[in-house]
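Please work from the sequences and hints to get the whole structure.
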Amino acid sequence: MPEIAASKITETVCDLCRQANFELGEDVVDALNHALKIEESEIGRNILRELIKNAEIAKKEKLPICQDTGLVVVFIELGQEARITGGLLDEAVNEGVSRAYRDLRKSVVSDPFIRENTNDNTPAIIHVEIVPGDRIKIGVLPKGGGAENASSQKMFLPTASKEEIINYVVNCVETAGPKACPPLIIGIGIGGNFDYSAYLAKKALTRRVKQNHSNHDIAQLEKQMLEEVNKTGVGPMGLGGRVTALAVHIETHPCHIASLPVAVNMECHAHRYKEATI
Amino acid sequence: MKNVAVPLDDRTINDLKAGDEVLLSGTLYVARDAAHKRGIPVDLKNQVLFYAGPTPGKPIGSIGPTTASRMDPFTIPLLQKGLKGMIGKGARSAEVKEAIKKFKAVYFAATGGAAALLGKTVRSAEVVAYPELGPEAVLKIIVVNFPAIVAYDIYGGDAFAEGVKKYREA
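First to last, the protein sequences are chains A and B.
Sequential numbering from 19 applies to the first sequence in our numbering.
Sequential numbering from -1 applies to the second sequence in our numbering.
These are calculated hints, taken from the structure and not from any lab test.
Mixed in with the good hints there might be a few duds.
Below, a list of computed lysine-lysine pairs in the BS3-like style, where the Cα atoms sit at most 30 Å apart [to be verified]:
(1) K164(B) <-> K228(A)
(2) K138(B) <-> K77(A)
(3) K180(A) <-> K163(B)
If we take Cβ atoms under 7 Å as the criterion, some of the chain B residues that face chain A in the derived model are [to be verified]:
(4) P52
(5) I61
(6) G62
(7) A89
(8) A113
(9) L115
(10) T119
(11) R166
Across the chosen pairs, the derived CB separations fall in these ranges [what the hints assert, rightly or not]:
(12) G80(B) <-> V127(A): 30 to 38 Å
(13) M(-1)(B) <-> E109(A): 47 to 55 Å
(14) L175(A) <-> S122(B): 57 to 65 Å
(15) E60(A) <-> V142(B): 48 to 56 Å
(16) R166(B) <-> K77(A): 29 to 37 Å
(17) E79(A) <-> R166(B): 36 to 44 Å
(18) T193(A) <-> E19(B): 23 to 31 Å
(19) G80(B) <-> A178(A): 49 to 57 Å
(20) S25(A) <-> D41(B): 49 to 57 Å
(21) I102(A) <-> K163(B): 51 to 59 Å
(22) R67(A) <-> N44(B): 28 to 36 Å
(23) K77(A) <-> V142(B): 22 to 30 Å
(24) E124(B) <-> Q98(A): 51 to 59 Å
Glycine included, C-beta positions come from ideal geometry on N, C-alpha and C.
See below:
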């Protein structure tokens, strides 16, 4: 059985966290450049230029893209033939986060009421899926609080139309307004159950930005939602414009005959996702 | 682009209109949720508060605006004591918007997530209260050419509402 050292997991998580915070993905930079071409608002274009320049400074000087270096969400695809040696998976991941955040902002409190900073940005939120194979794929998504706070979930009737779901998403975007730091990337989970829809919404954010779903009908729905969201006029930083979202990504899953869960996970333009397979 | 000295005087405030793009230079105080809840132990007369929690660095790391509306429940008493400006992201409550007009203050929006770029405008930073709050400590910073947009002015102008109305398609 192939062995993967826990220390290797720690190193990988640490590297991914730092890369994510300093280097905005090329897919996001391309999406911002495309937005700059189609944005009509002058203030909006200036904001997009600031964001592109910000990404250049961050990468060059190894500075965090955003001061909110986030609560780290970790997606692990664990090959069922692999065996982790020399430590526990959760501890290895959190050790990696702790090392990565020594000189980054620590944004995690130990208790929702007592609110004492844990001082090393742990614990991370860790999602594990067991997959075929003998390797581990690790994805990290440091998630800022502003956009996360604008997220929402609703249990629709199973007879609901696509239009009702589109209206709900548009309404979420308008309610969030500038708070979620538009232009947004919107992750949507449809189906599953209450909790799984939220997981899918977050998982949808790990797809390459602007890459539509492989299923034609879902890809169409993504395009239609993006169009409707961009009609709101919210624009960059909510100051008005044509580009409110850069992309809408949807993931779906089978669900109960009585249910149609829909979760919307908002992501700001400072979309920091990096992955590696070991 | 208007050059604006901070702290603010009345003449400067009278000239600022919602939608103006400005470059701020001078002293800002940095405070966010936890410091607002405890009370900001600084004389804020004529001063500008920047709602932010920076990353570590010298003189500072990355620093960008956080959501201003979370500070709304604490803002009116500060305006009564002479606070003249705030920098954050997002819209404010109707009450705060009205109070900004009444107490002749201004609310600036800075670009959320442009924190590496904004950090470059900071020349010095010192903790003035609550060091134990870490990223939520109160700081005094000196900035040069810090870019922002006038979101609310003393005339009731609202750059968010006006901007969105212009681009909204039914």
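Legend entry - Cβ separation of E79(A) and R166(B), checked against the hinted range 36 to 44 Å: holds (38 Å)
Legend entry - Hint check for D41(B) and S25(A) - Cβ pair distance inside 49 to 57 Å: holds (52 Å)
Inset, instruction - Double-check A89(B) for me: the hint is only fine if its C-beta lies closer than 7 Å to a C-beta in chain A. - result: Holds, because the Cβ-Cβ distance from A89(B) to chain A comes to roughly 6 Å (cut-off 7 Å).
Inset, instruction - Starting from the hint 47 to 55 Å, judge whether the C-beta atoms of M(-1)(B) and E109(A) obey it. - result: holds (51 Å)
Inset, instruction - Go ahead and decide if the range 22 to 30 Å is satisfied by the Cβ distance of K77(A) to V142(B). - result: holds (23 Å)
Legend entry - L115(B) as chain A interface residue, shortest Cβ-Cβ below 7 Å: Because about 4 Å separates L115(B) from the closest Cβ in chain A, which is inside the 7 Å limit, the hint holds.
Inset, instruction - Grab the minimum C-beta distance from R166(B) to chain A and call the hint holds if it beats 7 Å, violated otherwise. - result: holds (3 Å)
Legend entry - Restraint satisfaction for A113(B) [CB to CB of chain A, less than 7 Å]: holds (4 Å)
Inset, instruction - Take the C-alpha atoms of K164(B) and K228(A), compute the straight-line distance between them, and say whether it is at most 30 Å. - result: With Cα atoms ~26 Å apart, K164(B) and K228(A) stay inside 30 Å; holds.
Inset, instruction - For the hint on P52(B), just tell me whether its beta-carbon gets within less than 7 Å of chain A. - result: holds (5 Å)
Legend entry - Cβ separation of T193(A) and E19(B), checked against the hinted range 23 to 31 Å: Because 27 Å falls inside the window, the suggested range holds.
Legend entry - Outcome for the supplied range 51 to 59 Å, where the beta carbon pair is E124(B) and Q98(A): holds (54 Å)
The structure is inconsistent with the numbered hints 10, 15, although it conforms to all the rest.
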